[in-house]
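Enquirer: Taken in order, these protein sequences are the chains called R and Z.
If you count the first sequence from 1, position 68 lands on 68 in the UniProt record's numbering, and the numbers rise without skipping.
If you count the second sequence from 1, position 111 lands on 111 in the UniProt record's numbering, and the numbers rise without skipping.
Derived by calculation from the structure, the hints in this document are not laboratory data.
Check before you lean on any hint, since a few could be wrong.
[Said to hold, decoys possible] Calculated Cβ distances over 10 Å to all of chain R for the following chain Z residues:
no.	residue
1	Glu96
2	Ala155
3	Leu214
4	Ile285
5	Ala311
6	Glu328
7	Arg332
8	Thr412
[As the list claims (entries may be wrong)] Capping the alpha-carbon separation at 20 Å, the derived lysine to aspartate or glutamate pairs in EDC-like fashion look like this:
no.	chain 1	residue 1	chain 2	residue 2
9	Z	Lys137	Z	Glu41
10	R	Lys135	R	Glu48
11	Z	Lys414	R	Asp351
12	Z	Lys268	Z	Glu328
13	Z	Lys268	Z	Glu48
14	R	Lys414	Z	Glu302
15	Z	Lys268	Z	Glu377
16	R	Lys268	R	Glu48
17	R	Lys414	Z	Glu205
18	Z	Lys415	R	Glu205
19	R	Lys415	Z	Glu205
20	Z	Lys415	R	Asp204
21	Z	Lys135	R	Asp351
22	R	Lys268	R	Asp59
23	Z	Lys414	R	Asp59
24	Z	Lys268	Z	Glu96
25	R	Lys415	Z	Asp204
Quick reminder that beta carbons are idealized off the backbone N, C-alpha and C, glycines included.
Here is how the chains run, residue by residue.
Protein chains: 2
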Amino acid sequence: MTAQPSTEVSTAIGQRSLGDPSLRFPLSPPLLTGCPATSSEEMQYPLEIDYDYARVPRDLLRQPPLPGLARWAPLLPPLVPELSMGEGGTALIESEAIGRWLGLDLPVWLKDESRNPTWSHKDRLNYCIVSTAVKNKAPGIAVASTGNHGASAAAYARRAGLPCVVISTRDAQPAFVHLQAALGSTFLLVERDARWPTLQRIIDETGFMPASNLTRFHTGNPFGPEGYKTIAYEIWAQLGHELPGTVVLPTGYGEMLFGVYKGFRELKALGLTSRVPRLLSAEPIVRAPLARAMAQNVAAAEVTGPGSIAAGIACTVSSYRAAVALRESGGRPLTFHDTVLREAATQLANDGLWQEFSGVAGIAALHEAIQRGETIEEPVVAVLTSTGLKEMPATVPPPPAEPVSLDRVIATLKKA
Amino acid sequence: MTAQPSTEVSTAIGQRSLGDPSLRFPLSPPLLTGCPATSSEEMQYPLEIDYDYARVPRDLLRQPPLPGLARWAPLLPPLVPELSMGEGGTALIESEAIGRWLGLDLPVWLKDESRNPTWSHKDRLNYCIVSTAVKNKAPGIAVASTGNHGASAAAYARRAGLPCVVISTRDAQPAFVHLQAALGSTFLLVERDARWPTLQRIIDETGFMPASNLTRFHTGNPFGPEGYKTIAYEIWAQLGHELPGTVVLPTGYGEMLFGVYKGFRELKALGLTSRVPRLLSAEPIVRAPLARAMAQNVAAAEVTGPGSIAAGIACTVSSYRAAVALRESGGRPLTFHDTVLREAATQLANDGLWQEFSGVAGIAALHEAIQRGETIEEPVVAVLTSTGLKEMPATVPPPPAEPVSLDRVIATLKKA
């Protein structure tokens, strides 16, 4: 439990289909393979959580955006307050340097999600998922992930006293291997193609709740993306109860994209704002299934393509919820090249902030869009997702064997 | 600049000697080798910053404890708002599990300083130091550090556009080597004994401002510890404007210990509270110069002894400011063994939180004190200082070569 959580309870009333929003299902059991009514072999539609907005306290969203998601409890699924690790309440940092590099008129606002309990945005999602698992008496948590998602799921599961199995691959970053060992997860390293069948079999045989997706097109756990709504609440509060023109987000399966869109939609529905900012997704150009789906005007797309240094978001399928977020916010999909991503990471480090490559995707994609002459509505918020500490090489190069000449160093420093 | 910083200016009026508090020096130039009047070859006394408390806005400390230290500007040295990276505003997390492990009556409150811009408490200090360097037109920043202190100084220097030289040793953690490369610091690896002479020579020849200490007994940069006062302001606010009974802190040279003490002293001086919580320092028992100084009733002590896995706080000298903080808060020095520290880190990971070893020092020291039968005034706040991601081994062990039997894994999960 974090300090001073809200004592209000959730106003959640059911799971609503995104495939047909007129369809609502009970809150329990969680529907973990998409909408059962509108999904087919060809396409799977996610669900979202529906609330009784009339029962939401009028001043809830006007509170200071401090850490601890339980403070937004009426607008989230039923939470277990004791599970909170003070997720959220992350800093919004004004960067003139990044604004200049992008060629914008104004500084850019950076929402630094590396300031979370496991140092990524995923904590907002997993606090909701593990709370849902506890409320539904799931015997454990299972997640297929090579990175932040699995790290965060494992931490919340551990805190809840639930066993957690993380299905990863042999090329998992050392930082995550190390972290999973510290958290005492069951950590399975399988071939890439074996991840989903392994997850499915574990779910089937153990009854563990999945914290990741089980369908061909991404549907996921409908309770997770709700946690990301709080990013929108916080941005609005941190800008002095004003909206930005644009929010750009690193985008894999689009859970954060949808959550942030839904948060802004709720601010409007509750009468606190009169519009929704344009949301822009940022995908590696080598795959970019969401950009493909939008271009082809289909619900979701599957692509092939080489990998990206933005490993956390180089997905081969998109989700319908991501398309909804872009379309309903008047936004659009952006892409980036790895070369620009590296340059964006360097520009950000020059401003003191060191992110993993996926975390800088929004800035890289914006840079390419502006270079192409696209118009971006300011002010811009770019969501940064995770610390650069997680992308350490397995072996750090040893320091130079040659003794360094202090005279030469000092001469160089004097010229700097 | 972070969102909505305070527009109030600093009420700082000078540098006050801790050796003789009746002595006050101007705010500039910064006195970087201790109090010039009371220090001698045998003992060096630090300075602190003095304020015109009558000019501090009455409601300043009643604002919500959000990120961005500039919001406390009247009670801090003159800051450069644009340098802020939204430091501070870190979560305070209630832990029943740690309270139980310690044998306390109440849950323990954990102040998680890994939620800062470079994922350690040091950002509060370095924002103040680099601001001071900019205000005093220093041409660069120089710091002797193998860890968090240097990482943080480098980030703020980079953001300020100042060159930064970090003097480290060949056993620096890979995470820090990696981070310094990302931030573009000049990173010198020297023998342990060569660190201070190298720093001194660089300072002398370049005029760079030191972010670390230049004297035998620690005096340091007097502007830095002021940043730690905000931890006290935040704790008081996060507990609903109530004080804890005890605050326990990982302690090396005692800059954070003194800063937190001073923050509580100011809350009392400004009429907001009627007492100061007991502050307890936590040092590795293999060295523990502060515990030695307190036992011998001297201003500071120098010790020898083997190293500790709590590398960030295994110091061989103490500072007078640390003794002041313990004495004036009615506190005392605690120590811990590395075996207990490992157990404390595991207990904390079982609660979902993964810290570097130094970060868990407070919990380990408390555990030993309570096992000895010492009385601890509750509620207790333990300050955690940095992420476990920074203590990754240089080479992570490869995953097992044997294929894992999924049947066996599932059988184990079912029994969990």
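Enquirer: Each hint needs a verdict: does it hold in this structure or not?
Expert: Evaluation of the provided hints:
no., hint, in the structure
1, Glu96, "violated (7 Å)"
2, Ala155, "violated (4 Å)"
3, Leu214, "holds (17 Å)"
4, Ile285, "holds (24 Å)"
5, Ala311, "holds (16 Å)"
6, Glu328, "holds (26 Å)"
7, Arg332, "holds (26 Å)"
8, Thr412, "violated (7 Å)"
9, Z/Lys137 to Z/Glu41, "violated (30 Å)"
10, R/Lys135 to R/Glu48, "holds (18 Å)"
11, Z/Lys414 to R/Asp351, "violated (49 Å)"
12, Z/Lys268 to Z/Glu328, "holds (13 Å)"
13, Z/Lys268 to Z/Glu48, "holds (18 Å)"
14, R/Lys414 to Z/Glu302, "violated (35 Å)"
15, Z/Lys268 to Z/Glu377, "holds (19 Å)"
16, R/Lys268 to R/Glu48, "holds (18 Å)"
17, R/Lys414 to Z/Glu205, "holds (8 Å)"
18, Z/Lys415 to R/Glu205, "holds (12 Å)"
19, R/Lys415 to Z/Glu205, "holds (12 Å)"
20, Z/Lys415 to R/Asp204, "holds (15 Å)"
21, Z/Lys135 to R/Asp351, "holds (19 Å)"
22, R/Lys268 to R/Asp59, "holds (14 Å)"
23, Z/Lys414 to R/Asp59, "violated (45 Å)"
24, Z/Lys268 to Z/Glu96, "violated (29 Å)"
25, R/Lys415 to Z/Asp204, "holds (15 Å)"
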